[in-house]
Amino acid sequence: MADEQAPRPQVGLFVTCLVDFFRPGIGFASVELLEQAGCQVTVPEAQSCCGQPAYNSGDLADTAGLARQVIENFAAFDYVVAPSGSCAGQIKKYPDLFETGSAWRRRAEDLAGRTYEILSFLDEVMQIEPPRSDFSGRVTYHDSCSGLRQLGIKDQPRRLLSGSPALELNELSESETCCGFGGTFCVKYPDISTRMVNDKTDDILATGAETVLGGDLGCLMNIAGRLKRRGAPVKVRHAVEVLAGHTSEPAIGDEEEAG
Amino acid sequence: MAVAEADFRARARKALSDEDLQSALAKAKGGFVDKRANAILDLPEFEALRERGRQIKDHTLAHLDTYLEQFEGNVTRQGGQVHYALDAESARETILGICRDAAAKQVIKAKTMAGEEVGLNEALEAEFETVESDLGEYIIQLAKEPPSHIIAPAVHKTRAQITELFDHHHHQKSGGPLRETPDLVDEARGVLREKFLGADIGISGANFLVAETGTITLVTNEGNADLSTSLPRVHIAIAGVEKLVPSMREVSSMLRLLARSATGQQITAYTTFITGARRPEDLDGPEELHVVLIDNGRTRMLGDEFREMLRCIRCGACMNHCPVYSAIGGHAYGWVYPGPMGAVLTPMFRGLDSSQDLPNACTLNGRCQSVCPVKIRLPYLIRRLRDQSFEQQITGPFARWAIRTWGWLARRPALYQQLTGLMRPALRLFGRGSARRVPLAGAWTAGRDFPLPSGKGTFQQQWREKRGEKRT
Chain A
-5 MADEQAPRPQ VGLFVTCLVD FFRPGIGFAS VELLEQAGCQ VTVPEAQSCC GQPAYNSGDL
55 ADTAGLARQV IENFAAFDYV VAPSGSCAGQ IKKYPDLFET GSAWRRRAED LAGRTYEILS
115 FLDEVMQIEP PRSDFSGRVT YHDSCSGLRQ LGIKDQPRRL LSGSPALELN ELSESETCCG
175 FGGTFCVKYP DISTRMVNDK TDDILATGAE TVLGGDLGCL MNIAGRLKRR GAPVKVRHAV
235 EVLAGHTSEP AIGDEEEAG
Chain B
2 MAVAEADFRA RARKALSDED LQSALAKAKG GFVDKRANAI LDLPEFEALR ERGRQIKDHT
62 LAHLDTYLEQ FEGNVTRQGG QVHYALDAES ARETILGICR DAAAKQVIKA KTMAGEEVGL
122 NEALEAEFET VESDLGEYII QLAKEPPSHI IAPAVHKTRA QITELFDHHH HQKSGGPLRE
182 TPDLVDEARG VLREKFLGAD IGISGANFLV AETGTITLVT NEGNADLSTS LPRVHIAIAG
242 VEKLVPSMRE VSSMLRLLAR SATGQQITAY TTFITGARRP EDLDGPEELH VVLIDNGRTR
302 MLGDEFREML RCIRCGACMN HCPVYSAIGG HAYGWVYPGP MGAVLTPMFR GLDSSQDLPN
362 ACTLNGRCQS VCPVKIRLPY LIRRLRDQSF EQQITGPFAR WAIRTWGWLA RRPALYQQLT
422 GLMRPALRLF GRGSARRVPL AGAWTAGRDF PLPSGKGTFQ QQWREKRGEK RT
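Chains A and B supply the protein sequences, listed in that same order.
For the first sequence, this note's numbering begins at -5 and goes up steadily by one.
For the second sequence, this note's numbering begins at 2 and goes up steadily by one.
Do not rely on the hints blindly, as some may be mistaken.
Mimicking DMTMM-like on lysine to aspartate or glutamate, the simulated pairs with C-alpha atoms at most 25 angstroms apart in a straight line are [to be verified]: (1) K457/B x D248/A; (2) K148/A x E46/B; (3) K182/A x D388/B; (4) K87/A x E103/A.
Source of the hints: derived by calculation from the structure; they are not laboratory data.
Using the sequences provided together with the hints, build the complete structure.
Dropping the structure here:
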């Protein structure tokens, strides 16, 4: 799709700590989609987390430390792409951590301007055609709050998924309501969080969907964990898994085949 | 106030298992959200109006001293009196003093959150027969409870509970059949009518105070504010200093925002403008008019980064759209202001150390900000309170240690990756796919299974392997 003569955009993949640890498949699906879109993908080794847990707990010193690390290690790329709206959103908040006019502030602003969540990057920056896939079945989509409200991600994943003709999308009745994950919130206030994700799974079950898709692993693990606890056989996946055709891998929280 | 800020967790837990409360909340939530959404569909320029609302409030706050003086001058010129109260106690004393000077026996009140904020009812009830005239407020006054919502104070009550309250207080009986809403409303109207007629003092809040004209603006859907402020011989309005707006032109913009954001109405059933005390040629109205302006921490906020919270027009949209509020209701928040706005105002007015749970019990999902008619960055302010909590060591030592240790580790990616690489296989010993229990993850697994790591190693481990293969 990219012009052979034009230099391929250099993309640094910000894997995110959750994807790195819990579900590497999302990282590989992301690399594949970015390469198909004509990007040259690099995964810097020196990365861990965007700093959200510290930032949202009020630990600004550690957040700034992590921010400097990300700024340094992702300085060389045309774009920084993360398979998560909340992590990309966090990187976009880095400038506020540094004094106005400081060199770090300028570098943070520069990084923020180059950082994207993967689905919106593929759709809006690379403007790819919706990938053809033979994924079939009824699905519903959970719009994660940071992506939705901070980054305006709503139509992009739906456009990309429209390349799967056998995929039937049934929207949630409360698609803009938080699932109750909220980072450390889910373990600091487990009763309230469980109640919220229970409401979310009620809504999911009411759509009749066989699969829930979304763009943020934290929310998806929360939803999958509650669905499993309720014994509901609904599968949960990151949207890139469907777009890259990686759906033979067990869904989030599902058992892997023996061997 | 019957409840304190501390022990948010216990109250939240209780609320989650209170079936009456849950059914009342479920009913209320959909109503508010849908009505607001429909009202906004009918007004394409709503976004522009929000921006105007923000500008009006910001402008007024930036020139608050000027507008206060102008307002006071205009009230005084028209036979009224303006009192300033620095804190809750002085607000109560000022109002009690006016009531005593008027040799009052009975007080009728229209709903006022500022009154709730300064604990006015308890003080009044000790000396005067005091009756709330807003139906919701009347219900919770009978139940001896604080409001659980700023515009629908009895939203937590079911019809069955209200039937019981009315049967008990009006007829001294109990166990009667469930009564229909119109029946209950008629009965309250009958009881309250007598109270309006007998009251010496009427107390109201104020939705907006107009500097240019010295006007008090009140909105209700029951008309109770009109009766409360026109029948008794003395009218006292209590309001925060941030209620000022420059002129009637701004009031009309703010009213359009308020009604739609609060109840999804184009305009409330009653909108009352009260300017000055009764003049000799007037047929009715109070002989005395007092406006008690409370500070109670507001001017301190005016000078810091929390100033934008003073834009708040008390519409309740933030709580109506808050998934935490709709799970636990208003009482769990422990003070008069619940939901997202309360998570900012309670720490501001009452201190962060007694209310540190409030800014933490929030997922920062941002829906409150997206519906706020004056664009208050509630999640930002809530997060800033967490910064203060951490800085002032109000955040507990274990939580601080945990987050700092994690931060230290995350800033050493090589070590971090070694450790996570070791943890993965260990975690996978707890089950296949997901685990029902994992050590140290009890908070997660109380209500959810724990999805275990999938694949053959961390992404970074696998990526390194693949790169190695490619190179050879």
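Does D248/A sit within 25 angstroms of K457/B, going by the straight-line distance between their CA atoms?
It holds: about 15 angstroms lies between the C-alpha atoms, which stays within 25 angstroms.
Between K182/A and D388/B, is the straight-line Cα distance small enough, at 25 angstroms or below?
holds (17 angstroms)
Quick one, are K148/A and E46/B close enough, alpha carbons at most 25 angstroms?
holds (22 angstroms)
When you check the alpha-carbon spacing of K87/A and E103/A, does it fall within 25 angstroms?
holds (9 angstroms)
Taken one by one, the earlier hints all hold for this structure without exception.
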